[in-house]
Amino acid sequence: MNGAQDLGGAMGFGAVVPEHDEEIFHAAWERHAFAITLAAGFTGQWNIDMARSARESLPPAQYLASSYYEIWFEGLQRLLIARGMIGEQELRAALAGQLPGEAPGVRSAEAAARRVAAKDVAAVLAKGGPTERPAEQAARFQIGDAVRTVVIHPAHHTRLPRYVRGKRGRILATHGAHVFPDTNAQGLGEHPCWLYTVQFDAHELWGPDTTASSVCVDCWEPYLQPDTPLDQTRDPMASAVSR
Amino acid sequence: MQSPNHTHPDAPLSEMDIRVRALETLLIDKGYVDPAALDELVDTYEHRVGPHNGARVVARAWTDPTYRAWLLADATAAIGSDEGFGFSGRQGEHMVALENTPQLHNMVVCTLCSCYPWPVLGLPPVWYKSAPYRSRAVIDPRGVLADFGLQLPTQTEIRVWDSTAEIRYLVLPMRPDGTDGWSEEQLAKLVTRDSMIGTGVALTPQALAAQQAST
Chain V
1 MNGAQDLGGA MGFGAVVPEH DEEIFHAAWE RHAFAITLAA GFTGQWNIDM
51 ARSARESLPP AQYLASSYYE IWFEGLQRLL IARGMIGEQE LRAALAGQLP
101 GEAPGVRSAE AAARRVAAKD VAAVLAKGGP TERPAEQAAR FQIGDAVRTV
151 VIHPAHHTRL PRYVRGKRGR ILATHGAHVF PDTNAQGLGE HPCWLYTVQF
201 DAHELWGPDT TASSVCVDCW EPYLQPDTPL DQTRDPMASA VSR
Chain G
1 MQSPNHTHPD APLSEMDIRV RALETLLIDK GYVDPAALDE LVDTYEHRVG
51 PHNGARVVAR AWTDPTYRAW LLADATAAIG SDEGFGFSGR QGEHMVALEN
101 TPQLHNMVVC TLCSCYPWPV LGLPPVWYKS APYRSRAVID PRGVLADFGL
151 QLPTQTEIRV WDSTAEIRYL VLPMRPDGTD GWSEEQLAKL VTRDSMIGTG
201 VALTPQALAA QQAST
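Going line by line, the protein sequences match chains V and G. Counted from 1, the first sequence has number 226 at position 226 by the working numbering; the numbering is strictly sequential. Counted from 1, the second sequence has number 86 at position 86 by the working numbering; the numbering is strictly sequential.
Please note: incorrect hints may appear among the correct ones.
Stated by the list, open to error - A few chain G residues that face chain V, going by a derived Cβ cut-off under 10 Å, partial list only:
hint, residue
1, T25
2, Y32
3, A37
4, E46
5, Q91
6, L104
7, C113
8, S114
9, D177
10, E184
11, E185
What the hints assert, rightly or not - In silico EDC-like cross-links for lysine to aspartate or glutamate, where the CA-CA straight-line distance does not exceed 20 Å:
hint, chain 1, residue 1, chain 2, residue 2
12, V, K127, G, D82
13, G, K129, V, E70
14, G, K189, V, E22
15, V, K127, G, E93
16, V, K119, G, E46
17, V, K167, V, E221
Since the hints were derived computationally from the structure, they do not count as laboratory data. Quantities reported herein were computed from a predicted structural model and do not represent experimental measurements. Just so it is clear, CB atoms sit at the ideal spot from N, CA and C, and this is done for glycine as well.
Could you build all of it, start to finish, from the sequences and the hints given here?
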C-alpha cells in the first residue's frame, strides 16, 4: 500500500543524526515492546509480512510522528486483535489502566499452546524464518537481462517501493524462489516466486537529481517484465514513426 | 549519603511504560508469552549479539583470501555455518556480502521498514530506522555520507542497496593502510558498525589509537 512507510526519495525530513555510543534501547518500555512483539510472534499466529502490513497500515500522520517501537507496539495490538488473541475492549481497558473485569475476555488456546519458553528462545532465534522455497518453475530472467518493473498501486502490502515502479533495470543476481509478501501478508499463501536483485541506474530513477550511481532493489518475479532498450512493439506510435 | 526521608523515588512511569506493561501483563496472563523468555530476548540483543560479530567476519576476510572468496560467493554459509562463524538465524537467514573497493562504495538501507542483518550487526540504530535515512539514502547517498562526516572521491561509484526482501546485506569495508601483519583480533577493532552498513569506513590505526586514548 502507498503508506507512510514507503519513504524512498521523500524529502523534508532533515539530516541523518548519528548518535555517539548509542544505547540499544532508549527507554525501559522499548525493551518490553521489542520483547513482547517477538515473543507474541513466536506463537505463529501471523507471519512477518502480516506484521509489516500491520505497521504500515497506521495512518500516515501517526506513522511519521511515532518512534520505531511505538509503531511496533501499535502494529502488535492490531495483530493480536485480528488473530483473536485479545479482545478489542479488554485491550482498550487494560491500556487505560483498568483492572480486568469479570468477563473472561478473548483467548486463543492455539496461541497459548505454542508459547515459547525461555530455554527455547535461543533455538527459535537460531532457526529464524528462512523464506527460500523449492522453485516450482524455471526462472523467467537470467543475470544481465533487461527488465522493467510493473506499475502497480495495490491497497494491500507490497515490497515494490513507489520509486522503482515502471523503471528499467538489469538483473544483477538471482536468489531462488522466496515467499511472496504480497500474498503472504494477506493470508493468501506463500506462493514462492523467483527473487532477483535488480540494479537501476540512478538517473533512471531520479533524473539528474541524485548523487547515487545506481540503486539495487530485491524484486520478486511478478514485479518484473522483460524490457529491451528500444522496444518498438511497446509503443505503436514509435514504430509508425520509424516506418 | 542520602537521609532516609530524602531518597529518590524511581522516575515516574511514562505513558508508554504504562501501556506496554499493561499489554505485557495481558499476554502473560493469557499464557502467550513466558516472562523469562522476554528477559532472554532483551539480553540476547542488548548484550550478546552485536557489531562485534560482523567485525570478526570482516577481519577474517581481510586476512584470509580463501575465506574472503567464500564470503563473497556464499555469505550465508561463510557467516552462518559451523565451519564459518555460526552467526545465523533471525534476520540473517539469507546473507550477501558487498565488497567496497577504491572504485565502488556500497551502502545499505531499508526504505520500507528497518531490515538489517541482526546476527552480525545486532539491532539497528535509531538513525537507520528513521525517516531522514530511509528517505534520503537512495536518492542522495553522498548527502547522507556527509552527515556522517564522510566524503568520497567524486569518481567513486556509489551503489545503494534497498533491502526490500529477506536478503540481508553486510558491507565488507576496505582494509586500512598501515595494518600489515595485524592479527584478526587487532583488525576487528578497526571495523565499525557503520563501516559494515556503508555509512562509514573502517578506522585507521591512528583513529583507533586516538579513540582508545580518549576512553
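Hints, one by one, checked against the model:
Against a cut-off of 10 Å between C-beta atoms, the interface hint on T25/G holds, since the closest Cβ of chain V lies about 7 Å away. For Y32/G, the interface hint holds, the least distance from its beta-carbon to any beta-carbon of chain V being 5 Å, beneath 10 Å. Using the Cβ-Cβ criterion of 10 Å, the hint placing A37/G at the interface with chain V is satisfied: the shortest such distance is roughly 4 Å. At a threshold of 10 Å, the smallest CB-CB gap from E46/G to chain V is about 5 Å, leaving the interface hint in force.
Below 10 Å, beta-carbon pairs count as interface contacts, and Q91/G has one with chain V at about 7 Å; its hint therefore holds. The closest approach between the C-beta of L104/G and any C-beta of chain V is roughly 8 Å, which is under the 10 Å cut-off, so the hint is satisfied. The interface hint given for C113/G is met, as the beta carbon of that residue sits about 6 Å from the closest beta carbon of chain V, less than 10 Å. Interface hint status for S114/G: upheld, as the beta-carbon distance to the closest one in chain V is roughly 7 Å, under 10 Å.
The closest approach between the C-beta of D177/G and any C-beta of chain V is roughly 25 Å, which is over the 10 Å cut-off, so the hint fails. Hint status for E184/G relative to chain V: violated, with the closest Cβ pair at about 24 Å, above 10 Å. With a least beta-carbon distance of about 22 Å to chain V, the hint placing E185/G at the interface is violated under the 10 Å criterion. Between the alpha carbons of K127/V and D82/G the distance comes to roughly 14 Å, so the proposed pair stays at or under 20 Å and holds.
Note on K129/G and E70/V: the hinted pairing holds, with a Cα-Cα distance of about 12 Å set against a maximum of 20 Å. With a C-alpha separation of about 17 Å, the suggested pair K189/G and E22/V falls inside the 20 Å cut-off, and the hint holds. Of the supplied pair hints, the one linking K127/V and E93/G holds, its CA atoms being roughly 8 Å apart against a limit of 20 Å. Distance restraint check for K119/V and E46/G: the Cα-Cα separation of roughly 18 Å lies within the 20 Å cut-off, and the hinted pair is therefore satisfied.
Taking the CA atoms of K167/V and E221/V, the gap is about 14 Å. The hint holds against a cut of 20 Å.
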